[in-house]
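Make a model of the complete structure from these sequences and hints.
Here's the letter readout for the chains.
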Amino acid sequence: MAYQKYARLGIVILLTAVFPPRSHSSVLSSAGLGLPAGDPGARFMGMGGMSVAMADGQTVSSLNPASLHRIRLTQLAVQVVSDQVRFRDESSSSTTTYMNFNGFSFAVPLGRGLSLGMGLVPRTRMDYWVSFSDSLDGESYFKTVQGSGGLNSAELTLACDIRSVVGFGLTGQYFFGKITETWRLLFDGAQFTGTNNQINTRGDGFGVTGGIIVHPSRALSIGGVFRPSLRISTSTEIFGSPLIATPATRSGNMNLPSFWSAGVRYETPKGFSAGTEYFEEAWNDLSVNGRAVVRLQKRSRLAVGAELMRGQLPTDGYFKRTAFRLGFYTERFFLADTRGGSIREIMGTVGFGFPLVTSASHLDIALGFGRRGSIADNGLSENCFRVNLSATIGEKWFERKF
Amino acid sequence: MTSKWSLAGCLLGVAFMCFQCGGYKASPVGAQLFQGQNPNMERHVTLTAASSDTSYRIAVACGGSSLLFIGNGRDLEAWTYVVFDTITIDSLIKATLSFQVRPYPVLNPGRVILSILPTGSTWDETTMTWDNKILPSSETPLFQAEINSADTSSIDLDVPLDVLATFVTKDTLTGRVGILIKTESTGGLFQMNSLEYSASSTSYPHLTLYTASDTLIVSPSKDTFVSNSELSSRSDILRIQDGIAERSLLHFNIAGIPVEATINRAMLILHADPEASVPDPSAMFFLAVSPVADSVWTVPNLKLDSTWVAYGSFTGDSVAVTVTSLVQKWTSQTFLNGGMMLTGVLEKSDLAGRSFFSSSSDSARMPRLDVYYSLAPSGRY
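In the order they appear, the protein sequences are chains V and C. Residue 3 in our numbering sits at position 3 of the first sequence, and the numbers go up by one each step. If you count the second sequence from 1, you need to add 402 to reach our numbering.
For the record, the hints were derived by calculation from the structure and aren't laboratory data. It is possible that part of the hints are untrue.
Said to hold, decoys possible - If you anchor each label on the Cβ, the simulated ranges turn out as follows:
# : chain 1 : residue 1 : chain 2 : residue 2 : range
1 : V       : Asp204    : C       : Val661    : 22 to 28 angstroms
2 : V       : Gly189    : C       : Glu586    : 49 to 55 angstroms
3 : V       : Leu156    : C       : Val447    : 47 to 53 angstroms
4 : V       : Gly189    : C       : Asp764    : 50 to 56 angstroms
5 : C       : Ser720    : V       : Thr246    : 36 to 42 angstroms
Where is the CB? At the ideal position from N, CA and C, for every residue including glycine.
Here is the structure:
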């Protein structure tokens, strides 16, 4: 019976994870390296994205490596994200849908306060398709541009717990990814030839993220995380003119910006916890071959969230072991509007955590309803409905026997 | 209970998949945002020709022409030269000089008096021009004849018997006799086929000798024509002319166009100077554009890339030739940008010429290369 349940869950995870995305994300993902991704997990998204000060052994945050320091079971987590976005500008609107694998993590307690984790996390996400008519010096044309890809990171984390008061974590990250953009141009004039070109940019680089979580008391946790900027080496193939047999290649580099975050969480003995968190990522420092990328700006987010989970023991009832979450965040989007003004993103979230089989395995779902920008202030707006789904399996694998 | 929740999870997963299966069509929404992030990806530039542009004449000139011209009209005068080898023959009864004429378009001279004058035979058909032409050894014509140039049938002129002696010997000595065919009549121009037109035809000028027992056809050993249309001394014009094979060279600096650009359209635009165009500035004039494969112009022996050529026509005061693929080859460095050579398409079968304003002219009329091109979004490299 237990195998059947696992199988059912496995099918869900597998199908949702490998099902190819057939639709597209927002045109806002065409900026920079794409939309910043790397949600810390469905559990945390249910609390407005708050995760920096969270370390209770149930779930590992992909944001703060110190969140591993309290795990007591081996954990395997897989995530899926889905966004439905209604983009509007001053002329019209369209709805896009995006769904894809959103990373996995694997964490093992090594004993003696040490934990080891590894994972694969999407860090940026580009997936857009825009078509429009325009003209150049009286010659009208129709243009279609598609972009897809993004930057991911493969991560190896080592965390240590010191007397259950302080937890440290350090993640070594290998960033890699590919962005493909194709664009077609068709002039109306009879003597024009069309453009049908493509660029593929591959990049990789190494980075380090350090985090700390302090527990001044049993109820209070304070966390912080910092990743310095890092250098991404790039290689770009440009399939420009069809007359060129081999694509032009360009080598270069990017400066991936730093981020830092700090948060606090308070937990009552009855399973209620609440907290707040501030996050800042310096996308305005993103540069490509030393050139700043236009219209990118510092991304900053303030989140508040709460969770209620009244019981974690296997003997507790299912409803008692189900987690209920609520959150909200407001964010200065990483991209400025066409007028140079900041785009504000606000989102309210609700989340649920359903225990599976044992108290250490759970299925987390977060639903987010939010909006980016406004027509009046930015000339564009996005209404977003987001679903995060993650399955976490916790088992006593690799438990020390001596 | 657990099973129900798991089943709910399954249904939710399936719902996600169904949710994302909805089709999505590209839309113009966000275009302004996208263009703002990727400015100037489509560009339009107008390049002017470098000051090194020039005109020149190739050595083969009129000797390689398939047509010969005779006449005098609209500032265009042409003489035809023909050389026959003398032959040994007895009992000649009669001889005719035959050729086929056609009036030159728009310059039909109608009835004209042809003068056949004696010349030497030492001229070189690849080098003789109006300036160094061989003059007749006597201003007295060997004979004259009136023809109607509108008559496109073969014209046979009886050669006076006293003139025949210059073409025919009664001993075994051989030699060459050259004649010049010209007219003093004005107002028109006519053309005839040359030896190069067809070696198997007798439509070119030839002698027909009648003896008591036989009829002999004597073909010329060489023929050419000269025309008074010469390279202009004006610096503000260049010229392309058929017949006398005047050509022009232009070069455009395209260094500002990135190598990865896609050329959407490139047009070579020239503005004609009707005052310096012959014989009829309003007539259509066909030109060919060929890429020069050398960075240094060593006229007349230019190295050309024969795999590419484009054609255009002056239909009025200007011409626009589509050279999109040539500019694409230049920018992608498939071809060396050695400039372009402009020639008359009918270089070996016409005498028309077209002058156009050079880079020394005013900016509105100098040769231009009008280029539309597009670039890859450069945000990632």
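Structure-based check of all given hints:
no.	hint	result
1	V/Asp204 / C/Val661: 22 to 28 angstroms	holds (25 angstroms)
2	V/Gly189 / C/Glu586: 49 to 55 angstroms	holds (53 angstroms)
3	V/Leu156 / C/Val447: 47 to 53 angstroms	holds (51 angstroms)
4	V/Gly189 / C/Asp764: 50 to 56 angstroms	violated (27 angstroms)
5	C/Ser720 / V/Thr246: 36 to 42 angstroms	holds (39 angstroms)
This entry does not satisfy hint 4, going by the numbered hints stated previously; all others are met.
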